[in-house]
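Asks: Each chain, letter by letter, is given below.
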Amino acid sequence: MLDKNGIAKRIAKEIKDGYYVNLGIGIPTLCANYIPQGVNVVLQSENGILGMGPFPFEGDEDADLINAGKQTVTLLPGAAIFDSALSFGMIRAQKVNLTILGAMEVSENGDIANWKIPGKMVKGMGGAMDLVASAKNIIVAMQHVNKAGESKLLPSCTLPITGLRCVKKIVTELGVLDVLPEGGFKLLERAPGISVEHIQNATAGKLIVDGEIPEMILD
Amino acid sequence: MLDKNGIAKRIAKEIKDGYYVNLGIGIPTLCANYIPQGVNVVLQSENGILGMGPFPFEGDEDADLINAGKQTVTLLPGAAIFDSALSFGMIRAQKVNLTILGAMEVSENGDIANWKIPGKMVKGMGGAMDLVASAKNIIVAMQHVNKAGESKLLPSCTLPITGLRCVKKIVTELGVLDVLPEGGFKLLERAPGISVEHIQNATAGKLIVDGEIPEMILD
Amino acid sequence: MNKTVKNADEALAGLEDGMTLALGGFGLCGIPENSIAALVKKGKKNLTCISNNAGVDDFGLGLLLQKKLIKKMISSYVGENAEFERQMLSGELEVDLIPQGTLATRLMAGGYGMPAIFTPAGVGTEVAEGKEVRRFKFNGEEKDYLMEYAFEPDFSIVKAWKGDTMGNLIFRMTARNFSPLVAMAGKITIAEVEELVQPGELNPQEIHLPGIYVTRIFQGEKYEKRIEQRTVRKR
Amino acid sequence: MNKTVKNADEALAGLEDGMTLALGGFGLCGIPENSIAALVKKGKKNLTCISNNAGVDDFGLGLLLQKKLIKKMISSYVGENAEFERQMLSGELEVDLIPQGTLATRLMAGGYGMPAIFTPAGVGTEVAEGKEVRRFKFNGEEKDYLMEYAFEPDFSIVKAWKGDTMGNLIFRMTARNFSPLVAMAGKITIAEVEELVQPGELNPQEIHLPGIYVTRIFQGEKYEKRIEQRTVRKR
Numbered sequence: 001m002l003d004k005n006g007i008a009k010r011i012a013k014e015i016k017d018g019y020y021v022n023l024g025i026g027i028p029t030l031c032a033n034y035i036p037q038g039v040n041v042v043l044q045s046e047n048g049i050l051g052m053g054p055f056p057f058e059g060d061e062d063a064d065l066i067n068a069g070k071q072t073v074t075l076l077p078g079a080a081i082f083d084s085a086l087s088f089g090m091i092r093a094q095k096v097n098l099t100i101l102g103a104m105e106v107s108e109n110g111d112i113a114n115w116k117i118p119g120k121m122v123k124g125m126g127g128a129m130d131l132v133a134s135a136k137n138i139i140v141a142m143q144h145v146n147k148a149g150e151s152k153l154l155p156s157c158t159l160p161i162t163g164l165r166c167v168k169k170i171v172t173e174l175g176v177l178d179v180l181p182e183g184g185f186k187l188l189e190r191a192p193g194i195s196v197e198h199i200q201n202a203t204a205g206k207l208i209v210d211g212e213i214p215e216m217i218l219d
Numbered sequence: 220m221l222d223k224n225g226i227a228k229r230i231a232k233e234i235k236d237g238y239y240v241n242l243g244i245g246i247p248t249l250c251a252n253y254i255p256q257g258v259n260v261v262l263q264s265e266n267g268i269l270g271m272g273p274f275p276f277e278g279d280e281d282a283d284l285i286n287a288g289k290q291t292v293t294l295l296p297g298a299a300i301f302d303s304a305l306s307f308g309m310i311r312a313q314k315v316n317l318t319i320l321g322a323m324e325v326s327e328n329g330d331i332a333n334w335k336i337p338g339k340m341v342k343g344m345g346g347a348m349d350l351v352a353s354a355k356n357i358i359v360a361m362q363h364v365n366k367a368g369e370s371k372l373l374p375s376c377t378l379p380i381t382g383l384r385c386v387k388k389i390v391t392e393l394g395v396l397d398v399l400p401e402g403g404f405k406l407l408e409r410a411p412g413i414s415v416e417h418i419q420n421a422t423a424g425k426l427i428v429d430g431e432i433p434e435m436i437l438d
Numbered sequence: 439m440n441k442t443v444k445n446a447d448e449a450l451a452g453l454e455d456g457m458t459l460a461l462g463g464f465g466l467c468g469i470p471e472n473s474i475a476a477l478v479k480k481g482k483k484n485l486t487c488i489s490n491n492a493g494v495d496d497f498g499l500g501l502l503l504q505k506k507l508i509k510k511m512i513s514s515y516v517g518e519n520a521e522f523e524r525q526m527l528s529g530e531l532e533v534d535l536i537p538q539g540t541l542a543t544r545l546m547a548g549g550y551g552m553p554a555i556f557t558p559a560g561v562g563t564e565v566a567e568g569k570e571v572r573r574f575k576f577n578g579e580e581k582d583y584l585m586e587y588a589f590e591p592d593f594s595i596v597k598a599w600k601g602d603t604m605g606n607l608i609f610r611m612t613a614r615n616f617s618p619l620v621a622m623a624g625k626i627t628i629a630e631v632e633e634l635v636q637p638g639e640l641n642p643q644e645i646h647l648p649g650i651y652v653t654r655i656f657q658g659e660k661y662e663k664r665i666e667q668r669t670v671r672k673r
Numbered sequence: 674m675n676k677t678v679k680n681a682d683e684a685l686a687g688l689e690d691g692m693t694l695a696l697g698g699f700g701l702c703g704i705p706e707n708s709i710a711a712l713v714k715k716g717k718k719n720l721t722c723i724s725n726n727a728g729v730d731d732f733g734l735g736l737l738l739q740k741k742l743i744k745k746m747i748s749s750y751v752g753e754n755a756e757f758e759r760q761m762l763s764g765e766l767e768v769d770l771i772p773q774g775t776l777a778t779r780l781m782a783g784g785y786g787m788p789a790i791f792t793p794a795g796v797g798t799e800v801a802e803g804k805e806v807r808r809f810k811f812n813g814e815e816k817d818y819l820m821e822y823a824f825e826p827d828f829s830i831v832k833a834w835k836g837d838t839m840g841n842l843i844f845r846m847t848a849r850n851f852s853p854l855v856a857m858a859g860k861i862t863i864a865e866v867e868e869l870v871q872p873g874e875l876n877p878q879e880i881h882l883p884g885i886y887v888t889r890i891f892q893g894e895k896y897e898k899r900i901e902q903r904t905v906r907k908r
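Protein chains in written order, with the working numbering: chain A, 1 to 219; chain B, 220 to 438; chain C, 439 to 673; chain D, 674 to 908.
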């Protein structure tokens, strides 16, 4: 079973040289730490950065330089700053190659719910609805089951939707799954030591197991 | 009867302190020379300038600094440069207070035709259609009659329209006229030495002469 | 063309109860601190505030919330604010949550004189309820878009890094965020700046927002520039 | 993320007969001189060119017209070009004249992922023929707007003043004009620059077009920068 860093590490292997990538808050942010050597990527932050760098050294924090999670960050050489309209403009125009974000639920046709739990305090969708509605390539990083032990990979979402038919791939603590255009979670890889049966039991939506499922290779 | 500079001089009196003004090619450009002392205006050029200054001194021409008429110009202190989309954005959002442009014909309900003569080579509307469709305050600078001696102030335009119901005021070599919202050219001032009868004969559209019409004061 | 006013108080002349305000800033980054303080002092009520976030309990728009001056918030992300939560859950405060890109683009549409724009954000979600959906082919793909209307706030209030007396603005780093868009949408636009300079001191090529969009400008008295999430690396 | 190519020839790889090109520039100001020369050499035919103007007889897009490489021009203002006039009047060349602001905004719409925009320009004129008209209340006024579609050129070609190898661009003075908008609309975008620098040499706050919109970049061999209307004052 993968921990958060394991999930991030596995997702990082999906990041290709030359990609512009938007990383959501949480596990997706960790992916930046595992981008393979020789893979040049530019991180986009939707509050107006291309070329976001790591957190600043202590004492170097700049109140005017934050990411979309409101964390102090730095810029890498070749960075560009722009306003929020252009930022979502380039997202809508699909210039950002890959979006990695968290989810509360994903349905077997790729719907995603990650912004609202009815009856609870609602904080808002931020940029998530724009990102999922626009991105061509969306990977969800999440736990396979929720804290109550219920599957988050469902036949259809029970929570309010963030976007329709948009998730292409899911990486959880148990494995890697593609969401097929015709519907269904196609199991691609198992986390080390996790059986297909374990994943089957944790997946409420239609799981497609085609032949031998390899264990993932992380390094 | 006014010459071109006279028309420009009279129009310049309509330019108020604090105005952002877009001047078309021809007579409107001359207006810049007659803006009264103490009246601070900012000239907009739709290719991306606010704060356009006079032509450069000989030898100071900069190929990268032209106005919408493709003439070399200068910038005044406080100028700003921007792209064409923002330029027409501020025009559409009616941030430009006054637009002065030429016309081939104006109708008594304020339609303007100034971009195309069927059967002749057509050069295009440039920014004229955007300007007339957006501006709240449009003054037309033109000759009252064309070279064939026919009135250019008509019941309705005979040439292809540039914009509908948009012209508010007309200054010609013969006088100053408002275009009334309910239709009709209301004569406000006569050019020095020009009679109301002369203007009446040169105006094919409905001319409204209400009481004594004063002779314009230019200085 | 001198748009300078003495201070935030003078800049807010004409603000009335019930008006709609748009404010720049992302989280606490780039917020118009001095104008917010003046709004608190002024005490105009029943305001509708368009702002990506709603501040924290004791800073930013949270200060207006504490005084119960806000009737409605239009934001993409709220929270980090207990008083906000209390007012929202008790029904004292209306909250309209909209996608962040939609928020930005509706402000831009106001400044660009475009009455409406199309975005795919929110299609198929509760954000789409009651909105016109339209199918377009774009970028090789047929998909649905929502038609969203331009914002036309009565007052827009932003903070810039440098500004000249003609209203030309330059923003610093990610303090730019929504601010140029907010500034261009306002019927009346107030810019407070860290440094107010004379015309000619800013490079015309480096201006982020031309002064034509700014009605009043002043230099802010002081800036706290609070950091919401101080994240650092060890040296 | 190095987007540098050797020269215009290499930048134009993949260009085919019949493709649609958008080109930056206003008159002869800010045109991609080196790329135009390479287009002439390459000789691809039946091109549709989106460009505010069509150059003059012996410079700018006029050079492509002379070689009869252009099937259709989409512009706001042509003329100053005898060969253009001849081809247009003889019916060899299709010409689609559209308002300048519409041209700019349709390019921007492409780069902003907005399939269509609304503009009042051209309402009631022959430009409106066959287009959807829609009434909106905006800025206190009810009026009609045309719905106009985004441009999605196969290639966009612009000239910038400075650019870095990641494609970030800075334009000089009014040579900016349509160029950032053209650049953001292209499926493939080529930027030629007067000065190509390394990442980090440009101030991130001063970039006019972020590199994400640029596919290929090169430093132009030389720039003539011809002036169309040399207007001066006596000293």
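Treat the hints as calculated values from the structure; they're not laboratory data.
Using N, Cα and C, we set each Cβ at its ideal position, and we do this for glycine too.
Some hints here could point you the wrong way.
Per the computed footprint, the stretches of chain A lying under chain D, defined by three or more beta-carbons under 8 angstroms from a beta-carbon of chain D, are [as the list claims (entries may be wrong)]:
no., region
1, 55-66
2, 109-118
3, 174-187
The calculated label-pair distances, taken between Cβ atoms and stated as ranges, are [said to hold, decoys possible]:
no., chain 1, residue 1, chain 2, residue 2, range
4, A, Glu182, C, Glu570, 55 to 61 angstroms
5, A, Lys206, D, Glu874, 33 to 39 angstroms
6, C, Glu530, D, Glu874, 36 to 42 angstroms
7, C, Lys569, B, Asp438, 55 to 61 angstroms
8, B, Glu277, D, Asp730, 23 to 29 angstroms
9, D, Gly752, A, Glu182, 53 to 59 angstroms
Asks: Which numbered conditions among the earlier hints are violated in the structure presented, ordered from lowest to highest?
Replies: The structure breaks hints 1, 2, 3, 4, 5 and 6; every other hint is satisfied.
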